[in-house]
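A.B. asks: Here is how the chains run, residue by residue.
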Amino acid sequence: MINSRITEVEKLSQNTSTIRFKWDQHAEAGQFIMVWVPGAGEIPISLSHLGNEKGITVRSYGVASEALIKKREGERLFFRGPYGRPFTKVEGRKLIIGGGSGMAGLLPLIDEKSHGIVAARTKSDLLFHDRFPRGHVTVVTDDGSAGIKGLAVDGLKGLRLEDFDVIYACGPEMMLKSILDRIRDSGVRAEFSLERIMKCGIGICDSCSIDGHQLCTEGPTFSLEEIASMREFGVTRLTESGRRIWLGKH
Amino acid sequence: MINSRITEVEKLSQNTSTIRFKWDQHAEAGQFIMVWVPGAGEIPISLSHLGNEKGITVRSYGVASEALIKKREGERLFFRGPYGRPFTKVEGRKLIIGGGSGMAGLLPLIDEKSHGIVAARTKSDLLFHDRFPRGHVTVVTDDGSAGIKGLAVDGLKGLRLEDFDVIYACGPEMMLKSILDRIRDSGVRAEFSLERIMKCGIGICDSCSIDGHQLCTEGPTFSLEEIASMREFGVTRLTESGRRIWLGKH
Amino acid sequence: MGFSHCCGELNFMSILGTEIAGIKLENPLMLASGILDENGYSMLEILKHGAAAVVTKSIGTTERSGYRPPIVVPLQDGLINAVGLSNPGIDGFREEIKIASSSGKPVIGSIFGSSAEEFLNLALRMESYGAAAVELNLSCPHVRGFGTEVGSDPLLVEEIVGLLKSRLKIPVLAKLSPNVTDVVAIAKAAEKADALVLINTVKAMAIDVYARRPVLSNSYGGLSGPAIKNVGIRYVYEVYKETGKQIIGVGGISTFMDAAEYIMAGSSAVQIGTALYTQGKGVFGNVNRDLAEFMEKEGYRGIKEMVGVAVK
Amino acid sequence: MGFSHCCGELNFMSILGTEIAGIKLENPLMLASGILDENGYSMLEILKHGAAAVVTKSIGTTERSGYRPPIVVPLQDGLINAVGLSNPGIDGFREEIKIASSSGKPVIGSIFGSSAEEFLNLALRMESYGAAAVELNLSCPHVRGFGTEVGSDPLLVEEIVGLLKSRLKIPVLAKLSPNVTDVVAIAKAAEKADALVLINTVKAMAIDVYARRPVLSNSYGGLSGPAIKNVGIRYVYEVYKETGKQIIGVGGISTFMDAAEYIMAGSSAVQIGTALYTQGKGVFGNVNRDLAEFMEKEGYRGIKEMVGVAVK
Ligand SMILES: Cc1cc2nc3c(=O)[nH]c(=O)nc-3n(C[C@H](O)[C@H](O)[C@H](O)COP(=O)(O)OP(=O)(O)OC[C@H]3O[C@@H](n4cnc5c(N)ncnc54)[C@H](O)[C@@H]3O)c2cc1C
Ligand SMILES: Cc1cc2nc3c(=O)[nH]c(=O)nc-3n(C[C@H](O)[C@H](O)[C@H](O)COP(=O)(O)OP(=O)(O)OC[C@H]3O[C@@H](n4cnc5c(N)ncnc54)[C@H](O)[C@@H]3O)c2cc1C
Ligand SMILES: Cc1cc2nc3c(=O)[nH]c(=O)nc-3n(C[C@H](O)[C@H](O)[C@H](O)COP(=O)(O)O)c2cc1C
Ligand SMILES: Cc1cc2nc3c(=O)[nH]c(=O)nc-3n(C[C@H](O)[C@H](O)[C@H](O)COP(=O)(O)O)c2cc1C
Ligand code: FES
Ligand code: FES
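Chains as they are written, first to last, in the numbering used here: chain R, 37 to 286; chain H, 37 to 286; chain S, 103 to 414; chain C, 103 to 414.
Keep in mind that a hint or two might mislead.
[What the hints assert, rightly or not] Here are the simulated lysine-lysine pairs, DSS-like style, with alpha carbons at most 25 Å apart: (1) 193(R) <-> 159(R); (2) 406(C) <-> 207(C); (3) 130(H) <-> 185(H); (4) 399(S) <-> 107(H); (5) 107(R) <-> 399(C); (6) 150(C) <-> 267(C); (7) 290(S) <-> 58(H); (8) 126(C) <-> 200(C); (9) 106(H) <-> 347(S); (10) 406(S) <-> 347(S); (11) 343(S) <-> 107(H); (12) 347(S) <-> 399(S); (13) 106(H) <-> 130(H); (14) 130(R) <-> 149(R); (15) 290(C) <-> 406(C); (16) 271(S) <-> 294(S); (17) 107(R) <-> 414(C); (18) 107(R) <-> 47(R); (19) 200(C) <-> 106(R); (20) 406(C) <-> 126(C); (21) 125(H) <-> 159(H); (22) 58(R) <-> 399(C); (23) 130(H) <-> 58(H); (24) 290(S) <-> 207(S).
[Stated by the list, open to error] Now the stretches of chain C that chain H is said to cover, found in silico as 3 or more residues with beta-carbon under 8 Å: (25) 116 to 122; (26) 134 to 142; (27) 160 to 168; (28) 377 to 385.
Hints were generated in silico from the structure; no laboratory data involved. Note that CB positions come from ideal geometry on N, CA and C, so glycine has one too.
Extracted from the complex, chain R is given alone in its bound form (with noise of 0.2 Å):
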């Protein structure tokens, strides 16, 4: 387990804060570490900045997490990796849609000539909206307490996907479900980082496994056309213990 001391803690809303840490580690966008918090558990969380001192954002949603955001500088942060395949480096206009905590693994993605759409459950949980470059920004919340009331896919309606040379995309499964069959035959490049309960972080415990296919070690990103492919995308998923769900049923 590699440790390192939390250089800054800033809280970002109620819930949600960026933990930053020295790590000479190279790493890229898309890939997570397994963070340890010892007595509350380990969970997978991304990194939401790169470079020497890294950072990882994490919303509180139970006992690891919010253990997590506790955390104050000068104590530990314990974790292992960098895991998982990066989003490809795609030059050109990029569209990031990011939807709740699944922001937090796009900022390292933003640049001068982004545009986001960033979706949230409602304004309070909206992340890194200010980030993007000034109007280049949709935003999208369920109550409709900031930007459009809707769904992160409505926020494709005003845009011209062919403006775009890349569509990088983090949220719930069924937001990128919408947004896969809203995007899928328009040609342009895609890629989603997926999300599934994920134990080991190596490739081992099946617990993130997709199509056969690993979460934490051939993904967490996949391929428009890789997830297309996907029997188990957007329809099924087992839990915690294995058991076959049916999503959007339950």
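Chain R is fixed; fit chains H, S and C with the ligands onto it per the hints.
C.D. replies: Same frame as chain R, but now just chains H, S and C with the ligands:
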């Protein structure tokens, strides 16, 4: 365990053969390998030939060495190594003193500026006395069947130690002891290769130790000064079981 | 890394073919229980990469979430895991067997329980799902002799194996634990099994000295990978020599040499687990290719000729 | 490599000092039994390199040559050995203890036997030679329960330890084998010992696939080194937790982190063996230096504060 097909077996005498085999590994004069003869045992044997086609020269004393000299071209040689601290390379005139099969490990040191003292119990046991420059070898046998009748140390009589830049010697401990006593005040640089029981070859079993130094890792070559400081040299050693015996008394 | 598709047909079949407990295998490599075998699609993918058969994750009677992560500690030369027997329960596993079986290759159902009756019920279900055999994971905690495992009680092992053999049509494989004083006694207790599987993981623990506590949420775990290879070789050799039973070797295999070592110690087939972490799925193709080459060079005409040759 | 002389005085004494079975140690590192401790001069040299104490090779009643080489198989991450308890017999060992004791540091006599009486006789001799303690190697073959070891029979262990404690003035250390089903039962049987030593080697075997046979002349051997470190940690942790006894940890230690892990699992001192092969004698100096630095940075004022901190 490394293995290599034997490329050649050269019979040097009734009970001594040189076995050649390909092994692409840097090694230096004075180093040895642990040769495993499946079913017969594992024994330390000096490298008598360096370069890409290595060689060992083995005299049969017992079970393992006897099985070894019976090996034929095309059979596999099993071994591990190279082990041990090599002789220090010294430019200039060398005096090389070998007793019995002790000459095997000295062979790679012989060059056109060397003089040899080759000692053995009897004529047929002499090894590599024919590899020195013409006229530059003194032969000594216990029984006088060839050369001077006497011990290796007697071969020193006609020689001026000051003529040599370095002395290298290998042979039975009591032979080395008498040489040490004869040359220790001469000021000539000297290194001896010692012999003890060697069971592991990697510095853990303690069977080859002398004064706390393991022949297999810190030797088998030692400088005159190192040897002169040893309380056990020429005095005492442990048997296979670890029983301390006094040399020359058993 | 990457979304690799795989390897075409293997052409080593004739030389690599083997048989274990009456099951024909196109090569001696199987996926070990607990590694990428919870989801049917994952098993399919492993079979595509060259495994001749897969063993499922160990399945019990009721659904279990397993332990909270950390459930693995990657080490220099191995891995400690404490997954905690997470499984959907036997009722929820039919679908996965069905998906994996669509490959046409043998899918072996691993089961765990703490009594003979429980093992029997699970085994009958596996049989009804189409499993080619059942593998008994005898390493779960044992209620009667707490602290130890089901597999360390010879009487219980004999009872379980005996009952299953009397009621099942498919072969029964008994997977033994290395955490016992006398493995031969256990192997003899499992004598009625069609084959023995050796070894499960070796009990171990890792402490993080900066966190000042064990890393695994369960504290204790099982060591697998290269670190235990020579422990496994010893168990296979000893049990083969003392019982002559058919054996499937498992523990630390990641190269053809490891596989050959296990076969020469007495294994008719071998399983691979942890090497999926260190080598990726390509390990099946690589080991098959290198093993076939080794066998040809060394003059073996089939796996059978190699089984147990080192045992004296 | 080379004829290294050694390391000057260590300045970590105050922070590294520890105590085990009433014996004061200037640091927690001891030489493990069987490694460079047959010849008194070798033990002296190890003490010069920073070990606080040495344990001798295990000595029996009569002289034994041990097995024919190969007696070791070096592995990637460890070593398998089958030295075969070569030893000069207790009569022939007085001199070596004397040589080693000239260091002024504790020399602990390791002994093996197959009955309580034999252990007692050996122990009394060790005491008379000036040994600071005896360490009981309970891993030799057991006649009553053949195949297994003396140390897997709780009644025999209890008898041996009990007898020795009633007759010796010097402390008794019981070294336990990891090759048992239930180590806690054995540890409890050895309860009267002043401290427990955990672990001895793990049974293992290596086969050379080209020679088609086991490498060791004895076929079976014991695995040591990094491969068994996490197995040792588990044993120390479990026994410390269940018995609270003083423990000396051993198995795969080659860095300060390994030593710290053992200490946090419940060891009051540790032993180092195989690392002498991979790291050389400098390992004692290095581990002492790095451990002292670690302790200072982490705010420990002494070894005692670290003992068992990971045990919950
Ligand atoms: C590759 C990858 C990268 C990730 N990167 C980030 C990141 O950068 N920032 C971040 O905040 N999170 C990220 N996550 C999600 C994060 O791992 C989970 O939020 C975390 O595992 C929750 O653990 P916990 O112990 O706090 O919650 P638990 O106690 O395990 O769960 C509490 C409840 O919340 C639900 N829940 C847990 N996670 C989520 C989720 N992500 N969305 C919705 N509901 C959830 C659970 O089902 C449960 O009902 C990532 C996940 C993956 C797979
Ligand atoms: C560093 C080193 C390098 C060596 N290099 C060579 C070499 O290049 N060529 C070579 O032929 N030998 C060499 N030897 C010696 C060789 O290792 C032994 O001859 C061998 O171990 C004997 O093993 P065995 O099984 O054949 O005899 P065993 O069956 O073990 O012994 C048979 C009998 O011979 C005696 N004996 C064994 N070895 C010797 C010996 N060397 N001298 C006198 N009596 C002995 C034994 O004490 C015993 O009585 C070297 C030894 C060392 C330590
Ligand atoms: C993550 C993980 C999970 C495992 N789960 C099981 C299991 O459910 N049932 C079982 O019998 N063995 C299980 N094992 C043990 C393996 O099947 C195998 O016996 C062991 O790992 C040694 O093989 P390896 O070194 O090739 O991994 C598991 C091993 C690992 C690493
Ligand atoms: C070559 C060798 C010989 C050993 N001989 C003995 C012995 O005589 N008595 C004993 O109790 N343990 C013996 N051991 C076991 C060690 O003392 C130690 O318990 C084990 O090697 C684990 O520690 P390590 O990994 O640091 O070597 C021996 C180990 C080795 C490698
Ligand atoms: S998290 Fe275990 S396989 Fe991906
Ligand atoms: S031969 Fe074992 S220490 Fe040298």
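A.B. asks: In ascending order, which of the hints set out earlier in this document are inconsistent with the structure?
C.D. replies: Going through the list in order, the structure violates hints 6, 7, 9, 11, 12, 13, 19, 21, 23, 24 and 25 and respects the others.
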